[in-house]
Structure formats: C-alpha cells, structure tokens
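For this one, chain A is given, so just place chains B and C on it according to the hints.
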Amino acid sequence: MIYELSYLILLLPLLSFLVLGLAGMKMQHKTAGLIGTCSLSLVTLLSYWTAFAYFTADRVNGIYQTIVPYNFTWLPLGNLHFDMGILLDPISVMMLVVISTVSLMVHIYSFGYMHGEKGFQRYYAFLSLFTMSMLGLVLATNIFQMYMFWELVGVSSYLLIGFYYPLKPAIAASKKAFIVTRFADMFFLVGILTFGYFTDSFSFSFAGDIVMGQGTTPFIEGNIAKAVAAGGFIIPTALVLMFIGGAGKSAMFPLHIWLPDAMEGPTPVSALIHAATMVVAGVFQIARMFPLWIEYAPQAMSIVVWVGVITAFYAAAVACAQSDIKRVLAFSTISQIAFMMVALGVSLPGHHGAVLDNHAQLGYMAGMFHLFTHAMFKACLFLGAGCIIHAVHSNEMALMGGLRKYMPITHITFLISCLAIAGIPFFSGFSSKDEIITACMEYSPVVGWIMTGIAAMTAFYMFRLYYGIFWGTENKEAHAHHTPHEAPLTMTLPLIVLCVITVGVGVYTTIAGFAGWGGSFGSFVSAAGTDYTIHFNTQIAATSTVIAILSICLATYIYKGESQPIADRLYKTFPKLHRAAYKRFYQDEIWQYVTHRIIFRCVSTPIAWFDRHVVDGTFNFLAWGANEGGESLRSWQSGDVRKYAVWFLTGTVALTLILLCI
Amino acid sequence: MVPVECYFVLSALLFFIGVFGFVTRRNLIAMLISIELVLNAVDINFAAFNRLLFPGEFEGFFMTLFSIGVSAAESAVAIAIIINVYRNFKSDSVESITNMKG
Amino acid sequence: MNILSLFVLIPALMLLGLWVARNVNQVRGVMVTGSSLLLVLSIWLCYFFVSERSAGNTDEMLLVASTPWFEPLNIAYSVGVDGISVVMLLLSSIIVFTGTFASWQLKPMTKEYFLWFTLLSTGVYGFFICTDMFTMFMFYEVALIPMYLLIGVWGSGRKEYSAMKLTLMLMGGSALLILGILGIYYFSGHTTMNVNEIAAMHNIDPDIQNVFFPFIFIGFGVLGALFPFHTWSPDGHASAPTAVSMLHAGVLMKLGGYGCFRIAMYLLPDAAQDLSWIFLILTTISVVYGALSACVQTDLKYINAYSSVSHCGLVLFALLMMSQTAVTGAILQMLSHGLMTALFFALIGMIYGRTHTRDIRELAGLMKIMPFLAVGYVIAGLANLGLPGFSGFIAEMTIFVGSFGAKPLAGDPDTSFRMVATIIACMSIVVTAVYILRVVGKILYGEVENKHYLELTDATWDERFAVVCLIFCVAGLGVCPFLFSDMISPAAGNILRSIGVM
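Chains as they are written, first to last, in the numbering used here: chain A, 13 to 674; chain B, 1076 to 1177; chain C, 41 to 542.
Treat the hints loosely; a few may be bogus.
[As the list claims (entries may be wrong)] Pairs of lysine-lysine, BS3-like flavour, derived with a Cα cap of 25 Å:
1) C:K491 with A:K180
2) C:K408 with A:K38
3) A:K42 with C:K408
4) A:K180 with C:K408
Please keep in mind that the hints were generated in silico from the structure rather than gathered at the bench.
Just chain A, with the same shape it has in the complex (with noise of 0.2 Å):
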C-alpha cells in the first residue's frame, strides 16, 4: 500500500518533540535546530508523496476516494469509541501540503530569527509539538480525535506565544489566548456529545457519503437518520455548537480578541500558527463537517455567513488604524479567514443529479483555496515582518520607514504578498478571493457587493503597511545606531520559496481560470471530490480588480510621500474613529470588563467568601457550639465537696419526696 508510511507524518514530530524537550537542554543550539529541521523536512518529503500519490491514484466514478490507512480503538467508551487513525481525503491532503510547507519554511527561518536566544532548543521543542498536533489535527478519522488535537494546538500555541516567558505581555497574550480558545472549545465539547450522542458515532465517515447524494450508505441510515428521527434541530445545533469552537480558534468576532494580543510570541509562530495554520482550523473543521452543514443545516449556514461578514469588516477597519505592523497583519489575518467562513457558508445546496451543482461546489472550492493561497502568502508577509523587525528592533511603524534601500528581497518578496492578497491578477490571492466573490454574489448581491467593499479595505491597509515600512521619511534617529542590513540567507530563503509559491499559483491558476483549463485548483479539492473546472466570471474579475486597483492607487496617494498631508488632517478630522479603531473598538475592554468585573468580582470572590464563611462558618459553629455546651457544664464539676454534699442531700431528700408521695 502507499500510504503505509504515513504514519510517519505524526511520529516524527512527535519524536523530535521528545527528543527535543528531554534532552535539548544538553544539546548545541545548532545540533537542537538541525534535529527538528530534519525530521521536518522528511515529513514534508512525505506529506508531498502522499498528495502526489493521492491527487494521481485513479478517481472512482470521477471522485477522490476517502483513505483510511490507520484506524485503532484508543479508547472504547460504551457503544461510543474514541479511535485514532488517518483519514485522507482531498482537504486533509491539501492541509498536509500547507501545513508541512509552512512550517518546514518556519523551521528554517527561525534558524536565523532565533539566532542565539536562550531557549532554541524549547522553542524547536514545541514546533515541532505544534506541527505534529496540527498534522493530527487535519488526519482525524473522527471528531473526537480532532478535538484531542484541537486541545494540543491550542496548548503548542500557548507555549509558544509565552515563549518570552519573563515578559508581562507575553504571559498575558498567552494566557488570554488559551483561556478564550478553551471558552469556546467547551461549546465544541457539548456540540461534540450532542452529535456523538444522538447518531451513536463520532466518526468523518459521513465525509464523501452525502455530498455524492447517495442516500444509501449505513451510515447515513443507521446514524444520521436516528439523530434526525430524535428532532430535526438536534444536527444543526450540534454543527452550530462546534461551529462556536471553530470561531474560537478561528478568531471570528467576538471571539477573535486573543489573536492581536498573540502577535507577542516570536514572529515566526505568528506566521506558522497565527496565520497559516492553527487559525485555519476553524475553517477546515466546517469544511470537514461541510457534508452535514449542507444536507442537514442549510439555514443555519446564514450564521457562518454573517459571523463571516461582520468579522471580515471589522477587521478590516482595525487593521487600517493600527501602527504595529504585525497587529495590521494580524487583524488583516482575522479578516481574511472570515473571507473562508464566509466562503463555505454561501455554498448553498442543490444537486445536480448525483453530484452538487456547481453553486454548492463554488463556494466550497474557494474557500479552501483561500485558504491555501492565504496560507503561503501571509506566512511570507509574517516572515517578511519578522525580517524588518530582526533589522529595526521594534514593531512600531513610526520607526520604520525607507527600508527599500537596505533590504531589496524582504521589499519584493513583501510586496508580491501586499499584491496578492489586494488581488491582483496573476498573483495567487486574486484567484481564491474572486472566486469567494463571485460565490457571494451568487448568494446574495448585498453580500457579495461588502465582501468586495471589504476586498477593497483590504488592498488600502495593505499597501498602507507597505507603504509605511518601505517607502516615506527614514527615521534617522531610530537608525543612529546602526543601519539596518538585509537578513540572512536562512531568513530570505523561505520569503523567496513562498513567494515563488505565490506568483507560480498565481500564474497558472488566473490564465487557466480565464481559459477554462483543468487543473486548477478546483480539480483537486472540491466539495463532491469531483474534478471541478474554475471559470472566472470575467465581469466579476474585472470590477474587483478595478476597484482593488483604485484601493492601492488610494493608498499610494496617501501614504507614499515622505510627509502625509491627507493622512493627517484625517486624523484630526475625525479623532474619535480613528481612537476607536486603534483601540480596536473597545473589544478588549469589553471582555476586560466581563471577565474581571463580573466572572471575578462578582461570581469567583463571592463564592470564594461564601465557602469560607457561610459553609465553612456551620461547621466552625457546630463545634464552637459544641464547646459552649461543654463550657457550661463543666462548672457544675466545681471539685468543691460542700457543695457535692448540699446537692447529694437535696437530691435523696426529693427522690424521698417523690418515692413517698407515689
């Protein structure tokens, strides 16, 4: 069999990780970083044989076939179990791709990042942690294995986002983002009980069942059918329930307050896990439970479209107030997952004979693209920030500016990146995002029309970012010191692959979606597995592409002088707004206020005061009381014998009393 080596996908991180975190403190820097490189670079190596095997095996009537390799009972739970296992079908094989690719560039990368910082060896350590819960992730079998590496995810993420464990922000960055992951990891939990419960499984074997409409297989009459004989809600609200999880993770609003905040952990994390990976899960957990959403739960899809659309705009108003570049990429990241929510939930049913029509297949296919697209391109801006911020030493724009002299291949690698994702044609993120478009248009005009609305915002902040790094007043004092150079070869090499990632889907996927060609990206990943051909609707193409255009020309116009009028009297003339979107709109002190105010002040200290008090308090008066009772019997044992005898006397003298009078 060809998969028989996939095991080693999940083991060798694993084994590095081990390696790594008992015995790296032993270890050379470089012996440490070597350790955990390799064992990446096999599992890429591996990952791409699988995806080469996978994408090349024969199609069974037209359709990728769902592989599983491994599958094991870890756990028997009553009629329930909790297996472990691999599951490869086109979007875990895809992940496969992104998720090794990326992090094998981050591997590199922090070669040079992370160059002489105390803890190299942790810092690989959990890398590689990361990467095999990510990979896990992406291969489960079953929810319940997917939530296990949810968990795992989200603790690699809280390690690393801690890694600068001595610094207050970082502790509470960390902190903030594993205590809101798990807040809506809970209602993925109860989702995950109400689905385990009422269809007696846990299993993705629903995946490639349904969409095929082939009401015929066990497991939609024996499963599926019992849940929706217990109550036609009961399958929404269990998708619903772990769509909140998803939001978590995913950072949708009001959810998304941790992953600002996470920008304190080393750059290279934010790129691998803040926006390529781990906040992507979100997304690939609706696409993998998409089968459901679309059979069972068509309605309840509106609310990932909304959640979608209210996240993406706002993100997209915070990004273009924020001065710490990697905040701007960090909520440009918030806004473009809430592109791929939006994209998976504008597919809307309808089967074209045994296949989904092509509506359905749409919305699906451009999500994932985005995701795949989004993933190579805002790792490389992540990286390229991280180059900038190896050379200036600060996050802050103001300092920036200028740095086109000094680091020429972090400025084109950085702008192929701005370009790709303001959707420029022949760069990748034109192709995905037009596609999302046009999805939207097709579900609806008002959604479609602020998504472009949001595709434009995006364009502006972009090459704000771009503008404001590259280009303007160079700011001599910060750079008194020492001029700031090009980073080295570890660190350019993965911004140059990325971006050649980039402008090569680029290239292919636009003339082919013009042309009608296969082999785009539709032909691998689709929701019904089947080969489906990408046609741009060349109307939609171009009115996004002017407007995205006007957005950049927009910003040129504002930003790129060395001084900025415009840019300036916008602020004074409206303060407020720009205060309110700096301040990202008062989430932060919104959940700031519920939490400690409320959960704290008003419920835990209560509680806490009422344990000690009040329970606590009966039984310390059971025994003050049973004291008192001892104290006032105990003058009755005076030791005084005169009195003794006065009540030995009075007593015989009434029991005479009593005696003669009976």
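Chains B and C only, in chain A's frame:
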C-alpha cells in the same frame, strides 16, 4: 427508762448538726468532725432500733461496734490526707484544694 | 495464604521494621524496600488480573477468601478484588512509593512520621482489598486516625486547628457510616456482612433503603469532598506535610468515591436510583463551585484543594450518572486525579520548602531559579486542565461522554436532567484553565522579584525521582488509557447490572 423516741430525736439532731457542719465549715478538720457526728447518729440509730425491734439479739450492736471501728480507721486515713494536704497547700481550708476542678 | 493479604502484611512488617530501626538510614531503607515491594506486588496483581480475565475467568471477584473473626455479628475478614480495586491498589502503591521519596528529607522525628504514614497506608490497602463491610469500615478508621497526628505534629500553619477540623468532620462522616452499615446488616436479614452476598440477596425494603442511602453516601461523601461537606479539605491540605497531602488527596479521598459506589450504590440499588438526582445536584455544584473558588485563592495549596473539590466532585458526579461509560470515567478520574494531585502537592511542597511561602502574590519567576520544578509544575498544570496525552483528558472525556448519554432514571425531575447537568459540569473545563494558567503565569513566569530567591537551588535527586515517576504515570495513563479502561469497565458493568440500570 428513757423512752425510745429520745434516742431518735438525739440521733436526728446529731445527723443534721453533722450535715450542717459539713456543708458550712471550710476547715477540713471541722468537716471531718462533722462526718464523725453523722456516723455517730447512725450508730445510735442502730443500737436503738435493735433494742426496739429485736430485743435479745445483738446484730445491731455488732454493727455499731463495726461502724465505730471503721470510722476510727477512716478518721486516721482522713487525718493523714489532711496533714498531707496541709503540707502541700499550706492550708487546711477546703477551698484551697481546687486542682481537680473541671 | 491469600496473596491479597500481603497488602496488609507488608505494611505491618514495615511497621515492625520501623519500630526497631535505629537511625534515619534504616528507616529510609525499610520504607523504600516495603513500598517498592508493594508497588511490584500491585503491578503483578494487575498483570495477574488481566491474564485471568483474558483466560476467560469471568468471576465477579478474583482471589476471594474469607475467615470469620467475630462470629456473633458475622464479621469476617473477606478479601477479593475486581477491576476497580486492582487499579485503586496500583494507585495507592504509586502514591506511597513516591510519597516516600517526597518526604525523604523530612525532619524531625522521621521514624515516628513514617510509622504513622505506614499505618495510614495499611488502612488504605486494607480498605481496597476487603469485601466485608465491617472490616472495610475498620480499615477506613485505621486510615483516618493517623491523619490527625500527621497534620497536627508535622504540619505547618494552623496545624492543630486543621487537624482537629479534618478529623472531626471525617469522624462525623464515620458516625453516619456505621449507622448505615448496621442498618444494611440488620435489614438484609443479619446473616452476613459480605458486600457481594448482601448485593446478591437484594432483599432490603426500598423505603428502608431510602433512609440509609443518604447516611452512607454522605458518610463517604465527606471524604470525597461532597459539597457542602468539603470544607475540611482546604484547611487540611494547606496544613498537611507534603507526603501526607499527596496521600490524602491522592488516595484517601478516593476511599470516599470507592465507598459510595461499592457500598452505598451497590447495596442500596433502589435508593440509588431514586435519590441520585439530589446528590447529582450537589456534585454538580461541587464541580463548578470548587473551580470558581479556586480562581480567587492566593495560597497554592488552597488552589489545589479547591481544584480537588472540583475534580473529586466530578468523580461522584460520574458515579451517580450510573452508566457504564461514566462510571469507568469516574474510576479513571480517581486514578488521574490521584496521580495529578499527588504531583501537584509534591511540587508545591518542594517549592514551599525552598521559598517558605505559598502565597502566589509573593512568588514570581521561579522558572529561572528552579527550572526542573517549574517545568514539572507546568506539566502538572496542563495535565490538570485536561491536556490530551495526559490522564486528565481521557478521564474527563470519558465522564462527559458517559454522562451525556446516561439514561434518565425513575427519580429524575426531568428526562433531560442528566444532559443539562453534564453541560453545566463541562463549564468547569474553562474555569480550570483560568485558575491553572493564573498560577502558572504568576509564580513561574515573569522576572524574579525577591532577590533572596536567586540563591535557591533546584530539586534534589529524591525529589526529581518522585516527580519524574508521577509524570511518567500521568502520561502513561493518558497515552494508554485502554489498558485500564478494559479492567475497569467490566467491573463497573457488573455492579451496574446488580443495581439494575443496565
């Protein structure tokens, strides 16, 4: 012949004088003397009742003699204790001995 | 002689050995030899149990034996183990073994300390091997009394107050317990004290059961930290010396859950079905309330004690759900909580031994000063909040899956009652994360504020050994839960069938 009631009156008087003394006096010796009075009251009763109820028999008198013997021994022990108490507490007042008070 | 009696005999010989020991090294020698023997014995017992089961031996109890020791009341020394007791014995051995190393450098009166420590473990072992109600009760008392001295003499802080409070509350529980046991004995026809025989007779009138069930459940529930009888736990744990906290939270609190299941629910099945919902409400409160209280505590041991209230509440919660999966989860949770809390208390003890404070407001940046202990603490914390790969995750997930699917019983106020209770209990996983990360962030991370701490040293070899052993066990249970759930699940099934809910 003295009527038998006189003995009873005498013994009753002695008994209550003894009890009164025991309850009111604080001096250990005085309390001991009071106890002796109570015992003597009992002795008189024994003798008087023996004479009244079983004339010609001697169990009551024997009991009286036995009681006198016991009270002698008891006084000896009590006085020994009192002397020791006095040595330890430098007092023969009952109120000074409160070590075993609860 | 029955092999199970060795579990009582070895501690008895250890007591003898400690009594004649002349110096500290001899005391340590006796302790290490004895506790390793017990550990080997319990591992062998697990192996034996599994091989018997796979050889097709389906008896409810294995290694059964009985010797009467007080004929007029039919009291016998009856022993026997099923899957649940086997894993509890293993847990006890691990905790006693690591506890020995955790109190390696304890002073003063090392010999006396270990004497009481061993006596306590004798009681624990005896309780788990016995199947006779009265003998179980006797061993239960043997395990409780030494606690008073161990806390009162070797403790810290308000030790006399805490020792007194703990002992009195647990004794109060015992009083209810003996009433309940005598009630069961009398109303089942006063012919036997053997648990299995009484369960097989199944002849106690349901009304009578309803009277005695609360007695026994609360009696054991006090030890299992059932709300509102849990208040001995924060004070007791805070004052107890390290190894005693470990043993107490790790094993002794499990006696409560075990007793609730083995005596209260097994012998009074009708009452268990009728009244379980009342206690379910109490345990649900325990779970959430303990976690919320832990959020605002400032003493490390108080935080952990409240966290124990929450986790042990989950044990009783799952037992009362009365589905096979939930009960299996409850036993797994006992194992998992036992190991994790022991690890936590061991680490807190070691940190306290160096810094002489447990107040989280005074500690900071320990990661730099004592990296080994700090990393251990992070691992313990992550295990406690349910990180997959450690025992907490599988125990909690088994409980939640089992409880969510638990069948509604006759006495329940509503058919979805159990489901709602499970959802409420799920909230604790978020709150757990809050208080664990709060502590980790405050005491381990950040910069060292108190310059005196810079001179402190990291763990010594005996401490490292104890910590590594416990982490290994926690991870082992987390990675290979099927080894244990295969043992526990049939035993839980037998009892639930006898109760009549399966």
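Cross-check of the supplied hints:
Of the pairs offered as hints, the one joining K491 of chain C and K180 of chain A holds, with about 18 Å between alpha carbons and a cut-off of 25 Å not exceeded. Our distance criterion of 25 Å between C-alpha atoms is met by K408 of chain C and K38 of chain A, whose separation comes to about 16 Å. As the CA atoms of K42 of chain A and K408 of chain C are separated by approximately 23 Å, the hinted pair is consistent with the 25 Å bound. For the suggested pair K180 of chain A and K408 of chain C, the alpha carbons sit about 15 Å apart, so the restraint of at most 25 Å is met.
Of the numbered hints stated above, none is contradicted by the structure.
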